[in-house]
Every structure is written in C-alpha cells, then in structure tokens.
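Sequences listed follow chains A and B, in order. In terms of this note's numbering, the first sequence is residues 2 to 389. In terms of this note's numbering, the second sequence is residues 12 to 164.
In case anyone wonders, no lab produced these hints; they're calculated from the structure. The C-beta atom is built at its ideal place from N, Cα and C for all residues, glycine as well. It is possible that some hints are incorrect.
[To be verified] Here are the in silico distance ranges between beta carbons for each label pair:
| id | chain 1 | residue 1 | chain 2 | residue 2 | range |
| --- | --- | --- | --- | --- | --- |
| 1 | A | L160 | B | Q139 | 33 to 43 Å |
| 2 | B | C146 | A | L273 | 52 to 62 Å |
| 3 | A | D194 | B | P106 | 27 to 37 Å |
[Said to hold, decoys possible] Derived lysine-lysine pairs resembling PhoX-like cross-links, with alpha carbons at most 25 Å apart:
| id | chain 1 | residue 1 | chain 2 | residue 2 |
| --- | --- | --- | --- | --- |
| 4 | A | K235 | B | K114 |
| 5 | A | K229 | B | K121 |
| 6 | A | K192 | A | K229 |
| 7 | A | K229 | B | K114 |
| 8 | B | K68 | B | K23 |
| 9 | A | K192 | B | K47 |
Residue-level listing of the chains:
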Amino acid sequence: VAASVVLTRLLEPLQATPSLLFTFVVTISAWQGSRQHAIFAVILSAVCIDYFFLPPAGTILSSVTAISCVLVYIFVAGVICYLEDRYRQIAERLQRANDELEVRVVNRTVELTTANTALGAEIAIRKTVEQALTQAKEELERRVQERTAELTKTNTVLLETNMELQQFVYASCHDLQTPLRAICSFAQLLKQDQQGKLDEKADGRIRLIVDGVKRLQALINDLLDYSKLESNGKRFAPTDMNAVFEDVVSFLSPTISEFGAVVTRDKLPTVLGDRRQLTQLLRNLIENGLKFHGADPPQVHVAAQRDDGAWRFSVRDNGIGIEPQYHDRIFEIFRRLHTLQEYPGTGIGLAMCKRVVTRHDGTIWLESEPGKGTTFFFTIPDRLGEKQ
Amino acid sequence: MSVTSLGGRTPKILIVDDDMADVELTREGFEATGWKVELHHVVNGRQCMEYLRKQGKYAESPTPDLILLDLNMPLMDGREVLTEIVKDERLRTLPVVIFTTSKGTADVVKMYGLRCNSYIVKPVEFEQLRRTLECLCNYWFATVVLPSEMCLQ
C-alpha cells in the first residue's frame, strides 16, 4: 500500500484515476494473502486514497465526494476481493481434488504394481509347475515305455517258455507212448502165442500188464489234451449252449441209457466262447453227474441264470455228493477221491473244466450235500448282452 | 489164409521207422491180417532217401508199392522225407502213408499239406493194430489202382 502511495504520487501527473493502482494492490493482497489481508488492504488503501489523493488532500472523509468515492472504491475492491476469494476457494478445492486424485492414482498404481508383481510371481510359479508337470509327464511316459518294453519282453519269454513246455510235454508224451505200445501189444501177443500153455494166474498177470499200460496211455493222452488246451484254443464265437447241450447228450447217449439216466435242461443262453471247449466242459460235468450216481438212477439238470454281467450255469445231479473238505481239491489235476475199482477215470476231467472256465474269464465252484447230490456252477461273462 | 492182389504179385511195403519194437509189431500185425506182403525196413529218413534213389547198398532194392512213414526219427525225420519225395519228379507218385504215434494237429495238417496219402496213428492194442493193417491192405492192394501197377505193364 505504501509503495502504491509513493508510486501514485510519482505518477500523479500521468494518471487520471489514482484508485486503479490501489485496486491492483488490493487484488495482489487478496491473491497472495488471506481474506483478512484483503480487507485490511481495502481499508488501508481507501484511507490512503482519501488522505492523499482525494481533494482536499490530507483529510479523511472530509467531503461528500470523498466519502462517495471511498465507498465506491470499497465496493469495487470488496467485489474484487469477494471474486478473488471465491476463485481461490474453487482453486483450492480443485487443488485438493487434484491432490486427492493424485493420491488415489498413486495408491492405485501401487496397488496395480503389487497385483502385477503378484501376477508375475504366480505366472512364474505356474511356469515352474507346468515345466515340472511336463517333466513328470515325460518321465512317466519314459517309464511306461520302459515298463511296456520290459513286459513285452517278459511276455515273449513267457510265451516262448510256454511253447517250449508244451513242446516238451508233447515230445515226452510221444516218447512215452512208443514203449507203452510195445509193452501192451507184446504182452497181448505173448498171451496169444501161449494160448492154452499158461495157467489162469499167468493170464491174469498179462491182463494186469495190459490194463496198466492202457491206463498209463489214457493218462498220457489226457495230459496231452490238458497241455494243449491253450494252444489248441479257438477264437471265441457266439455259441448256443442249447446246441452244445444236445451235442453232449447225443454223445453220452450210450452211458445215459446204460444207467437209465435222465438228463434235462432249462432254456440256455448263447455265450461268446470256444464251442469245442464249452462242449468238453459240459460233457465232463454231465458225465461226472452220471458216473458218481447213488442207488437211484442218475438225474442231471442243466440250467442258467443271468447274474451280474455273467451267465451262471448250473449242473445239478442226485449223485453221491462230495465232502466239503474236497471242494477245492477236486479241481486239481489227477486228483481223485475214489479208487479205480469204485469209479474209473484219470482225474483230469474237473481240472480240464477249470482251465476251460478260466480261459473264458469265468469261475467254477460247487455246492454239495453228501448222499444227496452235487451242483457244479460256472460263470461265462455275458459279452453278447443278451436278455433272456 | 493168405490173400494177395496186384495181379497175384506180393505187395512191397517200405517201413521207415527207428523203433525196432514197432517194426516188429507191424510185421506181426501184417502176418495176423493174413495178407502176404514183402516188408522192407529202413531206420531213418536219410536211409529212406538212399533206398528210394537206389544209392549204395540199396542199388538192387525194389521200388515199394507203398511207404509207411514214421514222423519222429533221428538224422532226417518223416516231415523232411515227405518234403523230399514230393520235390523229386521220379518219387512223387509213390503213395506215402504216415504211420506214427504223434497226433498233433500241426503234424496232421502239415503232412496233408505235403499231400501225404493218409495219416494213421499207431494203435496201442495189438488187435486194433491188426484191424488197422488189414484195412490198409484191403484199401491199397485190393481197392485202389497203384502207380506201380502202371509201370509194370
């Protein structure tokens, strides 16, 4: 304000309206200072204007003109101050909003950076995991390949061994049969040559030789059949078990009529299997039912029931039955429960049955009540999905 | 009783078998049939081929009307013999009957594949053997026409 007084004084000759400079001063005060500063500057400048520049100079509010001039000035300055103040308030608010925005931008940036870092870390982890997974997968594949190769090799070795074993059994059986034929036939020739010269005892002994050899022959043949079961197996085909039953009954008809037996069946299904082997299976089971009969004429009944994805066949007889402790053992090869004099046979029939059923992915078992009868059960998976 | 056919000529049979007991049994068996046959015997495939080609000590041996061929023999087995015979222009017309212990599916199929004339499994009992040989004689010497008869005419 003081500087304005001096300056205005100096510039007095050039200036028509001294209040302009003061207005400027007030503007600056309001601009730079607070509201109080502005009011103070307005009052002071009004006093100065009146004192120094309004005639009569050196007095305050001495004339109506001076008073009105000062009032006008104060009004104008006040308006300026008010505008300034408003402006400053808006500016400040803007500033604050701006600051706030900046803070929020910074915060957001920080948040985003953190998120980005976290994401980066996660991606890195994922990549590591992915790599580990790929590695594990490759390792697994390698091991599977190795294991497959090993298994293939083992399988080849096993197949070869099996072939060798079969070849061995075949060759042994062949080699065993040749001398057997000589023993059997020459014993018979001896008997023929010495007709009338040998006593009953000698005849009996020759008969025993021939019987023994025949039995050995039968055992060898059965063993041969048993060993060839796998290699002679045919490709599985739909097999009508009714037809198989009829074949078996027709084959066994001499035995059936000899014993006065009755062999019956329910309606049987068609299964996927090796017809020849299934025939052998059913034949062995029915033959057993006929052979091991009690006092009554044998009755054998064959039935089938759909049971949990498989056909469960049953062959029921009214024969002598089997003691529970033998139920598992009778499926072993050459296992017999009776003497030859009681019941003839080599003891391979049920072992054969078990092998046939196993080859068809089934199981075989029995239920029996000694003296009342036996029921043999076997399952064949239902791969034809037939409903009956 | 003695039966002969082939225009009264005695049929000649070559037995190829390494088992002496079997050969003896076969001889007895033929005797028991009542058929009069001339039996010749070699013990393995190599001798068989020498005999048929009249090599060495077999130079004077007669060509058989029928060959009874065992399968399992040392040096050269029956399978190789039949293969050789079939390949040989002069021998391939000779009737060959496989007479063996083996009844393996593979052998049966293979021998018929090589065009053997029949396949017989040696019976265990003598009576059966006699019947089998009788049947064989009736068929080959009294029923069919043999190539050897053509050569003689």
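Hints the structure fails to honour: Violated hints: 2 and 6; rest satisfied.
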